[in-house]
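Enquirer: Keeping their order, the protein sequence lines are chains A and B.
Per the working numbering, residue 105 is the first one in the first sequence, and the count goes up by one each step.
Per the working numbering, residue 105 is the first one in the second sequence, and the count goes up by one each step.
Derived by calculation from the structure, the hints in this document are not laboratory data.
Where is the CB? At the ideal position from N, CA and C, for every residue including glycine.
Covered stretches of chain A (chain B as the covering partner; in silico rule of three or more C-beta atoms under 8 Å from a C-beta of chain B):
| # | region |
| --- | --- |
| 1 | 153-159 |
| 2 | 173-184 |
| 3 | 191-199 |
| 4 | 248-255 |
Each chain, written out:
Protein chains: 2
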Amino acid sequence: MVSGLINFAALLEPALEQAQLGFEEGGVPVGAALFGAEGNLLSVGRNRRVQEEDPSIHGETDAFRKAGRQKTYRDKILVTTLAPCWYCSGLIRQFNIGTVVVGESTNFAGHLDWLRDAGVKVVELNDPRCMQLMARFIEQRPDIWNEDIGECECDAPH
Amino acid sequence: MVSGLINFAALLEPALEQAQLGFEEGGVPVGAALFGAEGNLLSVGRNRRVQEEDPSIHGETDAFRKAGRQKTYRDKILVTTLAPCWYCSGLIRQFNIGTVVVGESTNFAGHLDWLRDAGVKVVELNDPRCMQLMARFIEQRPDIWNEDIGECECDAPH
Numbered sequence: 105m106v107s108g109l110i111n112f113a114a115l116l117e118p119a120l121e122q123a124q125l126g127f128e129e130g131g132v133p134v135g136a137a138l139f140g141a142e143g144n145l146l147s148v149g150r151n152r153r154v155q156e157e158d159p160s161i162h163g164e165t166d167a168f169r170k171a172g173r174q175k176t177y178r179d180k181i182l183v184t185t186l187a188p189c190w191y192c193s194g195l196i197r198q199f200n201i202g203t204v205v206v207g208e209s210t211n212f213a214g215h216l217d218w219l220r221d222a223g224v225k226v227v228e229l230n231d232p233r234c235m236q237l238m239a240r241f242i243e244q245r246p247d248i249w250n251e252d253i254g255e256c257e258c259d260a261p262h
Numbered sequence: 105m106v107s108g109l110i111n112f113a114a115l116l117e118p119a120l121e122q123a124q125l126g127f128e129e130g131g132v133p134v135g136a137a138l139f140g141a142e143g144n145l146l147s148v149g150r151n152r153r154v155q156e157e158d159p160s161i162h163g164e165t166d167a168f169r170k171a172g173r174q175k176t177y178r179d180k181i182l183v184t185t186l187a188p189c190w191y192c193s194g195l196i197r198q199f200n201i202g203t204v205v206v207g208e209s210t211n212f213a214g215h216l217d218w219l220r221d222a223g224v225k226v227v228e229l230n231d232p233r234c235m236q237l238m239a240r241f242i243e244q245r246p247d248i249w250n251e252d253i254g255e256c257e258c259d260a261p262h
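Bound conformation, chain A alone:
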């Protein structure tokens, strides 16, 4: 069980640092971090589609990977600078990650109600730094952003 005393906003910082680093690298600026029940940092990650030419590395999947094998995720807290896409929402649901802290859901709404319906505790921070960083990237590189969320001009609306 996640402690009621945790300051979720403070947990955003390492995830935001990862997003900023990703931006400086020319990548999709989404960062994430996984914490234990007491707010102890287990891992950080960031989207590296561009940096490693690897479409499978979203911020959330990277942090999940870096934390290694865990007995349970029910007591873990996944922090991400941007609302998770279906890929990352599926990860959260499959592994029963107990709490998800979302930096912002303005640039991408994600599927937060779907997670809540599955019993996930979702904390929304509406952090302006996350919003501005993501908006800046989407404006500069809409092509890469659309690729990262599986939207292609060649596809019909879905």
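Starting from the known structure of chain A, arrange chain B on it as the hints suggest.
Expert: Same frame as chain A, but now just chain B:
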């Protein structure tokens, strides 16, 4: 658009080889392969939770990664020996993978109707070799299998 002339059953073979290789390595025996619209093989992958101590590598995510960045997945065919979990179903949905070929869904039912509702073409093969390999692993190593699908004795039913 995927050709109507493709023999989906034949596409299972490279995925099944990966699953068998994973089994021999002591890993979770789920294999996958990604094909282009004409049935041309783009990549193969297998679950490597045990082999690399990496919980993020499911068969499907591995094949997705190995194929590198793609403009679109609408015309791609993802073949997997076992029905995809939420994590891999989310991947399929986010990237609009057009067709998913499922070796078996007896040992793990997955969320095939959820994929169909999202417009994914799902082909079920009910292959006895896939069923037997997976059943053998689950019998031998229920602990690793449960870990791989996020089920833990320490968790309450979810």
